[in-house]
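Listed in order, the protein sequences are those of chains A, B and C. For the first sequence, position 202 (counting from the first letter as 1) is numbered 202 according to my numbering, and the numbering increases by one without interruption. For the second sequence, position 435 (counting from the first letter as 1) is numbered 435 according to my numbering, and the numbering increases by one without interruption. For the third sequence, position 31 (counting from the first letter as 1) is numbered 31 according to my numbering, and the numbering increases by one without interruption.
None of these hints come from the bench; they were simulated from the model. Heads up, some of the hints might be wrong.
[Stated by the list, open to error] Selected chain A positions facing chain B (in silico; Cβ < 8 Å): (1) Thr18; (2) Ala33; (3) Ala41; (4) Tyr44.
[To be verified] Now the in silico label distances, taken between C-beta atoms and shown as ranges: (5) C:Val258 x A:Thr149: 15 to 25 Å; (6) B:Ala177 x A:Val314: 46 to 56 Å; (7) A:Arg287 x B:Ala417: 41 to 51 Å; (8) C:Ile111 x B:Asn105: 38 to 48 Å; (9) C:Val258 x A:Leu40: 51 to 61 Å; (10) B:Asp400 x A:Thr149: 21 to 31 Å; (11) C:Leu157 x A:Arg313: 39 to 49 Å; (12) C:Leu81 x A:Val219: 51 to 61 Å; (13) C:Leu81 x A:Leu288: 53 to 63 Å; (14) C:Pro183 x A:Thr149: 57 to 67 Å; (15) B:Pro422 x A:Arg313: 36 to 46 Å; (16) A:Leu288 x B:Gly204: 50 to 60 Å; (17) C:Tyr257 x B:Gly204: 31 to 41 Å.
Glycine included, C-beta positions come from ideal geometry on N, C-alpha and C.
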Amino acid sequence: MTMPLSAPAVAPVVAARTRVRIGYLLVLAAILAAAVVPFLAPPYVVQNYTRVLIVALPTVGLNLLTGYGGVISLGQSVFFGLGAYVTAILVADHGWAWWQTLPLAVALPLAAGVLIGIPSLRIRGVYFAIVTLVLAAWFPNVIQRFNETTGGNQGKSLTVMQAPGWLGLAQDQYGYLVSLCFLLLVLLLLRNLARGRTGRALTAMRDNEVAAATQGVDVARTKIYVSGLSAAAAGLGGCLYAATQGIVSSETAYFTVVGAIEFLAAMVIGGAGTVLGPIVGALVTERLPVLLSDVDPQLAVAAYGVLLIVVVRVMPAGLVGFATTLARRLTARVTQHHTTVNARNEGKP
Amino acid sequence: MSRRNSNRQLVPLTWCLAGLLLVAACGGRGSDADTGGVKNDSGVKVAQVVKKDDCTGYQASPGISDDEIKLGSSYPDSGPLASIGETNKGMESYFKHLNESGGINGRKITLIGKDDQYDPTKASANVNELLQKDRVFAIVGVQSTTGTMAVWDQLARECVPILESTISSATRDQRAAHRNAIDGLVPYASEGYALAGYLTKTLGEKKVAVITQDGSFGDAAARGVERAIEENGGKLVAHESFQVTDPTVRSQVTTLKASGADALVVIAAGTKCPQIFDTVAASGWKPTIATTFTCSNTTLMGLAKPASTDGIISDGWVRVRTADDPESKTFLDAVKKYAPGVNASSENVAIGWAQGQIVAAILERATELTRVGVINSALGLDGVAVPMAVDGVKASTSADDSAPIESVQIRTFDSAAGAWTPVTTDALVDMTGKLGDFE
Amino acid sequence: MDLFLQRLVDGLANGAIYAALALAIVLVFQTSGIVNFAQGEMGMLATYLVWALTDVGVPVLLAILAAMVVSFAGGAALERLLIRRIDPEDHLVTVLVMTGLFTLFGALALIFFGSDGRQVPSPFPEGSLALGSVRVPYATIGALLVLGAVCAGLAVLLRSTKLGLGLRAVAQNRASSALSGLPVGRLLGIGWGLAAALGALAGVLVTSLGLYLEPSMMLPVLVYAMAAATLGGLDSGVGAVVAGLLLGVAESLAVGYVKVLGTESALGVAAVVMLLTMALRPSGLFGTTKVARV
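Take these sequences, add in the hints, and give me the full structure.
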């Protein structure tokens with residue numbers, strides 16, 4: 001379709017550019033704000049927000065698998081737990097430094113994710129969700145089964161990560177900043193992935209698998225690939241969890257069905273298929289129950305359930321999707337106003 | 001176009017990270033200064049096991065003012081294990097009751113509680129918030145071993161007392177490395193030892209079976225059971241375990257019954273207890289049953305059929321509440337007044353009340369109200385009377401013994417009356433200093 | 001030999017627990033095409049109603065009947081208010097809404113009833129039939145009979161009545177059912193209502209087979225019930241019951257004889273059973289339609 005370059009046709013382009021710039025600034029401001037938190041807040045607050053950053057990691061992974069790829073998993077807690085136990089066991093019993101455990105804490109969940117990805121080729125949608133839910137329910141028992149190695153329900157304690165001396169940072173500040181850096185790195189990778197070939201393949205696959213296959217997307221490979229990546233992100237989160245919290249146990253909620261549900265809820269509340277959704281979602285699922293708990297502890301869980309249903313019904317693209325639509329409408333109105341004013345001015349003799 | 005866009009975003013990100021490091025380099029955080037000690041009039045001189053110089057980032061007396069002692073606690077107040085948190089309602093009632101008569105030398109105790117849903121991560125977050133935001137003096141009544149262990153390394157370094165908190169499955173070495181932590185319950189291994197000892201020694205049972213909840217609680221208690229059976233020439237003929245997630249325990253009970261045991265030790269908690277009692281009764285097997293205090297709540301016992309629970313043996317260190325006992329009356333009145341929504345007949349509430357008395361005794365006996373002073377006071381209990389405890393059960397600790405209560409009273413359940421009665425012979429089992437033997 | 005027989009009986013009793021809930025899950029699937037994993041929590045809430053009624057002196061059978069009627073209304077209302085707006089083909093939304101309901105119902109039970117266990121009177125006589133040294137509790141026999149009766153009833157309803165045909169048609173294709181003049185909305189409501197009533201019955205069966213009523217009662221059962229429903233075939237009532245009993249017996253024998261497995265592996269067995277069924281025979285042992293598009 002060709003179109004003469006007239007003022008009205010330029011408007012959407014201008015709007016898009018403004019949007020990009022505004023989005024750009026917002027992201028920058030958010031990163032900066034996140035970076036100064038540990039220098040302004042007391043340690044316990046920093047630790048609380050460290051957990052938000054860490055919970056965002058499995059959520060980012062799940063977003064890739066479910067939000068982009070359409071494979072619904074309720075087993076993300078298993079990979080998070082695997083990563084955490086790799087780090088905890090190697091640090092506590094084999095004298096490794098936490099960062100030395102990183103490759104293994106990511107590789108083992110990755111391998112497990114690939115393994116789980118294989119049945120996902122045949123088992124679809126809600127059925128895959130159920131199988132992974134059972135795996136998530138089983139995982140704490142597995143930890144208990146090998147309690148000689150894992151510490152069982154009493155837990156395994158490890159030394160938490162300490163900042164190198166020259167940084168002059170407290171332990172909580174360092175843990176927070178390290179988690180933030182890893183989260184940004186993963187987000188950046190995911191963003192490139194989502195916008196690249198794999199992302200297009202994923203979206204095509206989610207929307208219509210048969211059509212995607214006919215257009216040359218290797219569905220099997222793509223699914224297994226993202227299943228592994230998703231698990232790897234969760235494993236990274238688990239590694240950071242163990243290294244910053246200092247104890248892992250089969251009673252740790254993140255390793256149970258409760259954790260699996262939290263990760264899924266975080267992804268959906270934040271916005272499935274959006275880049276920033278997992279962070280917003282993690283913020284809500286981590287902090288909202290605590291805030292509500294001060295009102296009535298029982299209420300928090302109920303509100304959680306209601307929120308999940310409401311978000312799904314009212315804003316299917318989550319909070320981030322909702323905000324984006326809102327912002328888009330606003331900027332569209334502003335630029336439209338601009339262009340009409342300009343056009344009017346030009347029209348003057 | 002998307003590719004170029006994302007690469008362009010790399011630049012500001014890199015900038016941000018660089019900036020981050022810069023801020024980081026100059027942004028350390030100092031710790032608060034030592035606030036000095038507060039003398040306590042009723043102090044008792046004890047050995048100074050922990051010294052101020054052993055502590056890092058030590059703060060002596062935050063949360064202590066001329067008229068207040070602030071304490072903090074983390075316990076399950078919601079979720080399926082909320083009944084465990086009832087303990088803290090009992091403790092809080094005791095503090096409020098104590099405050100009416102002047103508190104600790106004119107200082108009233110304020111207890112700030114936070115819900116952790118039995119999740120160690122939440123327990124740890126709660127404790128940090130209590131220490132940093134609420135500025136509590138000490139942590140009391142953390143109700144899960146893993147929850148306590150999630151913070152005890154850090155708190156041991158900073159010399160923050162963790163009083164009357166659950167560490168009942170901890171080993172002697174673990175306890176020795178954390179002198180700031182004092183057990184709130186009878187160590188599980190000791191309890192198992194007392195129960196199995198009563199079965200094999202006093203009752204003369206020789207073939208004993210045991211069923212345990214999978215996990216550190218069951219493992220620790222089973223160690224005590226094995227030890228007692230061995231000492232008294234009995235034989236452990238079968239040991240089955242179950243998961244909290246197992247819907248029923250039929251298969252386990254069938255196996256235990258087939259072992260031909262004459263006695264059964266039940267180490268369980270929650271509704272698994274009445275389930276086991278009923279399943280055993282329904283199988284037609286009639287062993288002598290002994291069970292841990294975690295099953296002994298009368299509400300829990302009442303869930304099972306009366307025929308399944310009659311004559312079951314258990315133990316306790318908190319006195320059986322009766323109408324004619326003045327301490328019971330004080331307790332019941334106070335709970336009614338300060339925690340009206342709470343089931344006062346719950347064993348947990350009474351335990352919490354007794355734990356509160358031990359905390360108060362530790363504070364009262366400290367020569368100065370500093371954290372180190374209180375830790376040493378907690379390790380220097382020498383047969384201190386606890387009004388709510390069974391007559392004859394005293395709180396004793398030492399540098400190597402962080403469990404104040406190590407003797408229990410053996411009781412049997414009368415299902416018609418729905419109440420426990422102390423047995424007439426060998427009612428008290430004293431295991432002071434034996435904890436190391438059970439490993 | 002007696003021990004083996006006893007383990008068999010134990011397994012049947014456990015299996016009846018799984019089968020009861022599996023049957024309700026299957027019924028929802030048959031009538032609406034949705035896998036409802038909040039079904040157990042709904043049944044748990046209904047069981048609280050039974051408990052409350054018997055607590056004020058209502059005879060147990062009457063209380064069960066009342067709870068089933070209330071559950072029917074509740075299930076139909078839930079369908080009208082929420083479920084109807086879900087496209088069963090949109091699996092993500094289905095999973096999320098069910099997860100939300102699951103969390104919400106559990107929390108509601110905790111808010112209203114607390115975490116303490118309660119005893120629900122059993123509709124079956126106490127005691128057991130002694131065959132030699134093997135004990136067969138009357139509750140087990142009763143539960144098996146009820147399950148058999150419900151199974152037969154459902155088969156008749158779904159296969160031989162006009163209502164049943166309508167229910168199944170709607171579950172398979174809402175659009176063409178509407179085009180052929182079926183009252184889709186009312187049929188979906190009836191389907192959910194029936195399943196909720198069955199869920200209430202399942203709750204009572206579960207409590208009469210040795211579990212105590214508490215908010216977390218159904219979570220462990222749900223996992224096995226899901227495994228039974230998939231193994232039997234999500235659209236087969238008979239399949240759910242047979243698979244539930246099979247799982248119960250297999251578990252009882254495994255825990256009894258294969259000590260290496262340990263009780264920690266029980267859930268793993270359920271997971272493996274589900275994985276294998278879904279991967280190798282997605283329609284289950286007794287299912288007729290393919291539940292997973294391959």
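Cross-check of the supplied hints:
With 8 Å as the threshold, the beta carbon of Thr18 (chain A) stays out of range of chain B, its nearest partner Cβ sitting at about 15 Å, so the hint is violated. With a least beta-carbon distance of about 11 Å to chain B, the hint placing Ala33 (chain A) at the interface is violated under the 8 Å criterion. Nearest Cβ of chain B to the Cβ of Ala41 (chain A): about 10 Å, over the 8 Å cut. The hint is violated. With its C-beta approaching chain B no nearer than about 4 Å, Tyr44 (chain A) sits inside the 8 Å limit, and its interface hint holds.
Under the hint 15 to 25 Å, the C-beta atoms of Val258 (chain C) and Thr149 (chain A), about 22 Å apart, fit the expected range. Checked against the given bound of 46 to 56 Å, the beta carbons of Ala177 (chain B) and Val314 (chain A), roughly 52 Å apart, stay inside it. Evaluation of the 41 to 51 Å hint for Arg287 (chain A) and Ala417 (chain B) yields a pass: the beta carbon distance comes to about 49 Å. Distance hint check: the CB atoms of Ile111 (chain C) and Asn105 (chain B) are about 41 Å apart, consistent with the given range 38 to 48 Å.
Checked against the hint of 51 to 61 Å, the pair Val258 (chain C) and Leu40 (chain A) passes, with Cβ atoms roughly 58 Å apart. The hinted range of 21 to 31 Å is satisfied by Asp400 (chain B) and Thr149 (chain A), whose Cβ atoms lie roughly 29 Å apart. One distance hint, 39 to 49 Å for the beta-carbon pair Leu157 (chain C) and Arg313 (chain A), is violated here, with the actual separation near 32 Å. Taken as a hint, the range 51 to 61 Å is violated for the pair Leu81 (chain C) and Val219 (chain A), whose Cβ atoms sit roughly 37 Å apart.
For Leu81 (chain C) and Leu288 (chain A), the hinted distance range of 53 to 63 Å is not satisfied, since their beta carbons lie about 24 Å from each other. Judged by the Cβ atoms, the range 57 to 67 Å given for Pro183 (chain C) and Thr149 (chain A) holds: they are separated by roughly 59 Å. The given range of 36 to 46 Å is broken by Pro422 (chain B) and Arg313 (chain A), whose C-beta atoms sit roughly 59 Å from each other. Our hint of 50 to 60 Å for Leu288 (chain A) and Gly204 (chain B) holds, since their Cβ atoms are close to 59 Å apart.
Between Tyr257 (chain C) and Gly204 (chain B) the Cβ separation comes to about 33 Å, which falls inside the hinted range of 31 to 41 Å.
Hint compliance for this structure: hints 1, 2, 3, 11, 12, 13, 15 are broken, all remaining hints hold.
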